[in-house]
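Based on the hints, put chain L in the right spot on chain V.
Here is what each chain is made of, one letter per residue.
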Amino acid sequence: MRQLLLIITALVAMSSTYRTGSGKALNRWVVESSSSLNIEGSSNINDFRCDITEYVMQDTLCYNKEDRTSRLAFINSCVTLDVKRFDCHHKYITNDLRKTLKADQYPLLKIHFLFMDNFSADADNSKVTGTIDIALAGVLKRTQVQFLVKKGEGRIHLTGEKHLKFSDFGLVPPRKLAGLIRINEEITVNFLLKLRPI
Amino acid sequence: MKKVLIAGFTAGVVVLLVSLGLLYLSIFLFPAVAEEYFSPVFRGSSGKTDWLFYAHPFILSFSLKWFWERYKEIFEGNLIVRAIEVALVYGIVAMVPVLWLTYSAIDVSITVVLTWLAYGIVQAFVAGLIFAKLNP
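These protein sequences, in sequence, are chains V and L.
When the count follows my numbering, it moves up by one through the first sequence with no breaks and lands on 198 for the last residue.
When the count follows my numbering, it moves up by one through the second sequence with no breaks and lands on 334 for the last residue.
Bound conformation, chain V alone (with noise of 0.2 Å):
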C-alpha cells in the first residue's frame, strides 16, 4: 500500500511540473470554471455590458518561467470562449452583438497566452504585462494586457482590461434606422481568469 501510495505521488508531481527539453520546468495553471469575461460597450443609446459569467471550457495554461527575467513563456496556451454565451442583458443588443461578432462563422473566441513579465511567484497584487493574441471572428490581434496578479487559498487571480475597437478585427458595430442608432466603435475588454496550479 506504502509502495502504490509513492507511485501515485510521484505519479502526480511528474504530471504537474516537468521538464522540456531545454532542461527548464514546465508549470501548468488549470483555468477555473468561475473565471469571466465581459465587454463593455456603449450606443447613442446607452451603455451596456455583456458577460460570460461562467468558463466551461477545460483549458489549461503551460509555461516555463525564466529565472533571469521573470519571464513566464507560454507554450499552447489558449483560453476559449463561446461567443454565444455572451449575454448583454438585453435581448435586442446580445443577439445584435453575436450577429456583429459572427458568431455562426466563428462560434470561439480564444485568447493565446504568449508571455507574461515580471512574474513572481511571491508578490501578490503586483501588475505584469501579458502579451496575448487574441482570435475573434476569424482575425488575430496581438495585444498586451496590464494584470493585476492575486494570490490566495492556492489560486492564482489575473484581473486586467483592454480597450479594443471593432474595427480591430475587421468587423462593423451595429446601426440601424440608416445609422441614427448606432453602437460605437470602442469596446473594453475586461477579463478575471481564476487560475489554479497544478
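No lab work stands behind these hints, which were simulated from the structure alone.
Accuracy of the hints is not assured; some may be wrong.
As the list claims (entries may be wrong) - Each computed DSBU-like pair below joins lysine-lysine, with the alpha-carbon atoms no more than 30 Å apart:
#	chain 1	residue 1	chain 2	residue 2
1	V	K110	V	K151
2	V	K99	L	K246
3	V	K151	V	K162
4	V	K165	L	K246
5	V	K110	V	K141
6	V	K110	V	K99
7	V	K127	V	K102
8	L	K246	V	K91
9	L	K200	L	K270
10	V	K151	V	K99
11	V	K194	V	K141
12	V	K102	L	K246
Unchecked claim - According to the in silico footprint, chain L covers these stretches of chain V (three or more CB under 8 Å from chain L):
#	region
13	44-51
14	90-102
15	167-176
Don't be surprised by glycine CBs; every beta carbon is placed ideally from N, CA and C.
This is chain L only, laid out in the frame that chain V set:
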C-alpha cells in the same frame, strides 16, 4: 407644376429635419423604447438602403401634396387648424390601418407602434402647415 414641386420639396426638407429631431428626442427621452431598434426585424444600416430612409419625408410630402390639392377645400379654419385636420386624417386613414397590420405581422412592441403613429401625425402636421401657408 412649379408650385407643386416647390411646396413638395420645401415640405420634404422641413419634415426630414423635424423627423431627425423627433428621433433624437425619442432616443434622449425614451432610451428603452429606442433600444428596440436593435431588434433583428430592423434592417441594419447599409449604403444600399440608407437613402430610402432619408427619402421617406419626400415621399410623404409629395403624397400629402397630392392629397392637399385634391381636398384642401374641405379643410377650413386658420393655418394651424387646417394642418391639424390634415394630420388627423392622415393618422386615422393612412397610419392606423397600416400600423395595425404591422403590429399583427412583425415582432415590435405596442409602444414602438404608438411612437410611429405620433411621429407620422407630427410629420403630416408639419407638411400641412407648409401647404396651408404656400398653397392655401
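Results for each hint:
{"no.": "1", "hint": "V:K110 / V:K151", "in the structure": "holds (25 Å)"}
{"no.": "2", "hint": "V:K99 / L:K246", "in the structure": "holds (20 Å)"}
{"no.": "3", "hint": "V:K151 / V:K162", "in the structure": "holds (22 Å)"}
{"no.": "4", "hint": "V:K165 / L:K246", "in the structure": "holds (25 Å)"}
{"no.": "5", "hint": "V:K110 / V:K141", "in the structure": "holds (11 Å)"}
{"no.": "6", "hint": "V:K110 / V:K99", "in the structure": "holds (17 Å)"}
{"no.": "7", "hint": "V:K127 / V:K102", "in the structure": "violated (33 Å)"}
{"no.": "8", "hint": "L:K246 / V:K91", "in the structure": "holds (27 Å)"}
{"no.": "9", "hint": "L:K200 / L:K270", "in the structure": "holds (18 Å)"}
{"no.": "10", "hint": "V:K151 / V:K99", "in the structure": "violated (37 Å)"}
{"no.": "11", "hint": "V:K194 / V:K141", "in the structure": "holds (23 Å)"}
{"no.": "12", "hint": "V:K102 / L:K246", "in the structure": "holds (21 Å)"}
{"no.": "13", "hint": "44-51", "in the structure": "holds (count 3)"}
{"no.": "14", "hint": "90-102", "in the structure": "holds (count 6)"}
{"no.": "15", "hint": "167-176", "in the structure": "holds (count 3)"}
In summary, the numbered hints that this structure violates are 7, 10.
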